[in-house]
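Quick note: the sequence shown uses this note's numbering, first residue 5, plus one each step.
Fair warning: there could be bad hints in the mix.
As the list claims (entries may be wrong) - Below 30 Å or equal to it, Euclidean Cα-Cα: the simulated DSBU-like pairs (lysine-lysine) are:
hint, residue 1, residue 2
1, Lys520, Lys429
2, Lys429, Lys297
3, Lys541, Lys578
4, Lys573, Lys549
5, Lys429, Lys513
6, Lys578, Lys549
7, Lys541, Lys381
8, Lys569, Lys549
9, Lys209, Lys227
10, Lys513, Lys469
11, Lys522, Lys541
12, Lys189, Lys235
13, Lys567, Lys549
14, Lys209, Lys289
15, Lys268, Lys235
Said to hold, decoys possible - Restraint ranges, calculated between C-beta atoms of paired labels, are given here:
hint, residue 1, residue 2, range
16, Leu7, Pro309, 54 to 62 Å
17, Leu225, Pro309, 37 to 45 Å
18, Asp317, Pro483, 40 to 48 Å
19, Gln437, Thr130, 29 to 37 Å
20, Glu126, Glu288, 16 to 24 Å
21, Tyr364, His506, 35 to 43 Å
22, Pro195, Val380, 44 to 52 Å
23, Gly234, Asp146, 53 to 61 Å
24, Arg72, Asp425, 54 to 62 Å
Simulated from the structure, these hints should not be mistaken for lab results.
Just so you know, even glycine gets a beta-carbon here, dropped at the ideal spot from N, CA and C.
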Amino acid sequence: MNLDHIRNFSIIAHIDHGKSTLADQLIRMTETVTEREMREQLLDSMELEREKGVTIKASAVRMIYKHRGEEYEINLIDTPGHVDFSYEVHRALQACEGAVLVVDASQGIQAQTMAHLFAALEQNLTIVPVINKIDLPAAMPDEVAQEIEDLLGVPAEDIPRISAKAGVNVEEVLERVIAEVPPPKGDLDAPVRALVFDCHYDSYKGVIAYVRMVDGVITGLPKLLAMNTGKTMEPLEIGVLVPQMLPVNELHAGQVGYIATGLKSVQDLDVGDTITLAARPATEKLPGYRPLKPMVFAGLYPTNPDDYNELRDALEKLQLNDAALTYEPETSQALGFGFRLGFLGLFHMEIVQERLEREYDMDVIFTAPSVEYRVVKTNGEVIAIDSPAALPDPTEIEHIEEPWCELRIFTPAEYIGPVLDLVTKRRGELKTQNWLDSKRVEIVCLIPLSEIIVDFYNELKARTKGYASMDYTLDQYRPSDMVKLDILVNHQPVDALSIIVHRDQAYHKGQRLVSKMKEIIPRQMFEVPIQAAIGNKIISRANVKALRKDVLAKCYGGDVTRKRKLLEKQKAGKKRMKMVGSVEIPQEAFMSVLSLEEE
Numbered sequence: 005m006n007l008d009h010i011r012n013f014s015i016i017a018h019i020d021h022g023k024s025t026l027a028d029q030l031i032r033m034t035e036t037v038t039e040r041e042m043r044e045q046l047l048d049s050m051e052l053e054r055e056k057g058v059t060i061k062a063s064a065v066r067m068i069y070k071h072r073g074e075e076y077e078i079n080l081i082d083t084p085g086h087v088d089f090s091y092e093v094h095r096a097l098q099a100c101e102g103a104v105l106v107v108d109a110s111q112g113i114q115a116q117t118m119a120h121l122f123a124a125l126e127q128n129l130t131i132v133p134v135i136n137k138i139d140l141p142a143a144m145p146d147e148v149a150q151e152i153e154d155l156l157g158v159p160a161e162d163i164p165r166i167s168a169k170a171g172v173n174v175e176e177v178l179e180r181v182i183a184e185v186p187p188p189k190g191d192l193d194a195p196v197r198a199l200v201f202d203c204h205y206d207s208y209k210g211v212i213a214y215v216r217m218v219d220g221v222i223t224g225l226p227k228l229l230a231m232n233t234g235k236t237m238e239p240l241e242i243g244v245l246v247p248q249m250l251p252v253n254e255l256h257a258g259q260v261g262y263i264a265t266g267l268k269s270v271q272d273l274d275v276g277d278t279i280t281l282a283a284r285p286a287t288e289k290l291p292g293y294r295p296l297k298p299m300v301f302a303g304l305y306p307t308n309p310d311d312y313n314e315l316r317d318a319l320e321k322l323q324l325n326d327a328a329l330t331y332e333p334e335t336s337q338a339l340g341f342g343f344r345l346g347f348l349g350l351f352h353m354e355i356v357q358e359r360l361e362r363e364y365d366m367d368v369i370f371t372a373p374s375v376e377y378r379v380v381k382t383n384g385e386v387i388a389i390d391s392p393a394a395l396p397d398p399t400e401i402e403h404i405e406e407p408w409c410e411l412r413i414f415t416p417a418e419y420i421g422p423v424l425d426l427v428t429k430r431r432g433e434l435k436t437q438n439w440l441d442s443k444r445v446e447i448v449c450l451i452p453l454s455e456i457i458v459d460f461y462n463e464l465k466a467r468t469k470g471y472a473s474m475d476y477t478l479d480q481y482r483p484s485d486m487v488k489l490d491i492l493v494n495h496q497p498v499d500a501l502s503i504i505v506h507r508d509q510a511y512h513k514g515q516r517l518v519s520k521m522k523e524i525i526p527r528q529m530f531e532v533p534i535q536a537a538i539g540n541k542i543i544s545r546a547n548v549k550a551l552r553k554d555v556l557a558k559c560y561g562g563d564v565t566r567k568r569k570l571l572e573k574q575k576a577g578k579k580r581m582k583m584v585g586s587v588e589i590p591q592e593a594f595m596s597v598l599s600l601e602e603e
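Let the hints inform the model, and build the full structure from the sequences given.
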């Protein structure tokens, strides 16, 4: 097939604006999948995606569409909408020439719409705007079309208005893609260059790479070379995604497909690598992707210490499929050997936890999430720390800097008060307030990253009845009065429960943590003190009362000294037990640090 008859495009939108439903309709319309195999959200193949109703992985599908008597090969890459998975969107966009921007007719342009749109414009993609959900009672297609015209300069009357759910006017989207999205540029005679935009591990075929062919043709199963890692591979099969894997005999420039590399080790191939022929390698590799910087860090430990090696293997395989995940080994006195993981946000962390538990059958404990702080020491040295355990001695610290980010919130005008209240409560500062129209406002503010990683999004949704949306980008580091809050159980610090907090909030957080731990830690045969401390100063304390046997049950009447003797004996026993007794801390205690935000 010649290159002029190929179109590669992504669907981008804010979360829940109907990307996956539109993808379903396009697949149904082009008869890519038989009616019997068709189901809702076809491309969301992960059980977790279907359960949570969100797309987590970008997934590709090839469709054949007849237009004016000619056949077109259309490759669609469906992308996630959630802010934590924007890296999936960036990778998908690099494999395309165009993007269909879907906007909900009842909600208009939202924060993620803007974020994904700017990402697509950065890659110089052709944008095809579409207004979806015109069949909703609250739909305002004319106002939304006007918003898009103001933003992109596309005449409002030219924007297709569709209902992906009802299948209204969906064909026009494909017509627009064929008319407006440019065909891929590529040289069929040049040495092969294929960009790896995603990978996963298959126990039969080894590492499977999803590729966008940029130049050249792969015919049959020649020996291939990964240019970044320098590994050669003998592929088991090559093929296209429909959306299941369909083996083919050749992949040429402009196409999107997969290569079952047969590589057994997960380190042998990176996402963003360039694959070329070993016999005739390309001289220049493709630009690939910028390495991602994790925003949130947490410790991960197996509940059973013997599972450490299985956990390491599971993380290796998961990292291949999720390039934004980083990990390195660490140890904790309370939990033994584990890993320090880096995530893009809290939802990302939650998804990783669920995938480890479901797909790899691991039983794990996560510690409290933290962000990366910069510590300026008294000798002028600057170190980056992402774990409270790594904080140097307070006497060596000149000051601590914490990351601040620029936060954009789109909200209906009636919720400005609650939103600003939430921002100021979390130490945020208002930067600007832009009115988009008479009903909607964009609030731009600066806020510490540590304040938005836990529960900020949920609270924003609760205060605005679900109407607000947000997006954030890292801005700068600023000096802050941060302290390490330790939790001591029976006078022993539990390193996995330590958190870094702002001094103003330390007393309040310490008190709440102690009260929470008092409920969770089971009663022992001796009294267990739980304390919150900053350095050597105890700021809060609660005692878990001892379980006591009624030793006076047999004393009826008689001399009081007899009773006293029995009580003193019990007291001495408890004291001895307290010196040697150790307290088993249940898993909920580590989870309680996560749910410490406003209950």
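Comparing the hints with the structure gives:
A distance of roughly 22 Å separates the Cα atoms of lysine 520 and lysine 429; the hinted pair therefore holds under the 30 Å criterion. A threshold of 30 Å between alpha carbons decides the hint, and for lysine 429 with lysine 297 the separation of about 27 Å falls inside it, so the pair holds. Distance hint between lysine 541 and lysine 578 is fulfilled; the C-alpha atoms sit about 27 Å from each other, no more than 30 Å. Of the supplied pair hints, the one linking lysine 573 and lysine 549 holds, its CA atoms being roughly 18 Å apart against a limit of 30 Å.
About 14 Å separates the Cα atoms of lysine 429 and lysine 513, which keeps this hinted pair within 30 Å; it holds. Restraint check: the Cα-Cα separation between lysine 578 and lysine 549 comes to about 12 Å, which is no more than 30 Å; the hinted pair holds. Between lysine 541 and lysine 381, the direct Cα distance comes to roughly 22 Å. Compliance with the 30 Å bound is thereby established for this hinted pair. Distance check on the hinted pair: lysine 569 and lysine 549 sit about 22 Å apart at the alpha-carbon level, within 30 Å; holds.
Restraint check for lysine 209 and lysine 227: satisfied, since their Cα atoms lie roughly 16 Å apart, inside the 30 Å limit. Straight-line distance between C-alpha atoms of lysine 513 and lysine 469 comes to about 27 Å, which keeps the hinted pair within the 30 Å bound. A distance of roughly 20 Å separates the Cα atoms of lysine 522 and lysine 541; the hinted pair therefore holds under the 30 Å criterion. Between lysine 189 and lysine 235, the direct Cα distance comes to roughly 27 Å. Compliance with the 30 Å bound is thereby established for this hinted pair.
A threshold of 30 Å between alpha carbons decides the hint, and for lysine 567 with lysine 549 the separation of about 21 Å falls inside it, so the pair holds. Of the supplied pair hints, the one linking lysine 209 and lysine 289 holds, its CA atoms being roughly 25 Å apart against a limit of 30 Å. The straight-line distance between the Cα atoms of lysine 268 and lysine 235 is roughly 12 Å, inside the 30 Å bound, and the hint therefore holds. Taking the beta carbon of each, leucine 7 and proline 309 are about 56 Å apart, inside 54 to 62 Å as hinted.
Separated by about 44 Å at the C-beta atoms, leucine 225 and proline 309 satisfy the suggested range of 37 to 45 Å. Remark: the range hint 40 to 48 Å for aspartate 317 to proline 483 is upheld by a beta-carbon distance near 42 Å. Glutamine 437 and threonine 130 have their C-beta atoms about 33 Å apart, which keeps the hinted 29 to 37 Å range intact. A hinted range of 16 to 24 Å holds for the C-beta pair glutamate 126 and glutamate 288, which are about 22 Å apart.
In this structure, tyrosine 364 and histidine 506 meet the distance hint of 35 to 43 Å, their C-beta atoms being roughly 37 Å apart. About 50 Å separates the C-beta atoms of proline 195 and valine 380, a value consistent with the hinted range of 44 to 52 Å. Evaluation of the 53 to 61 Å hint for glycine 234 and aspartate 146 yields a pass: the beta carbon distance comes to about 57 Å. A hinted range of 54 to 62 Å holds for the C-beta pair arginine 72 and aspartate 425, which are about 57 Å apart.
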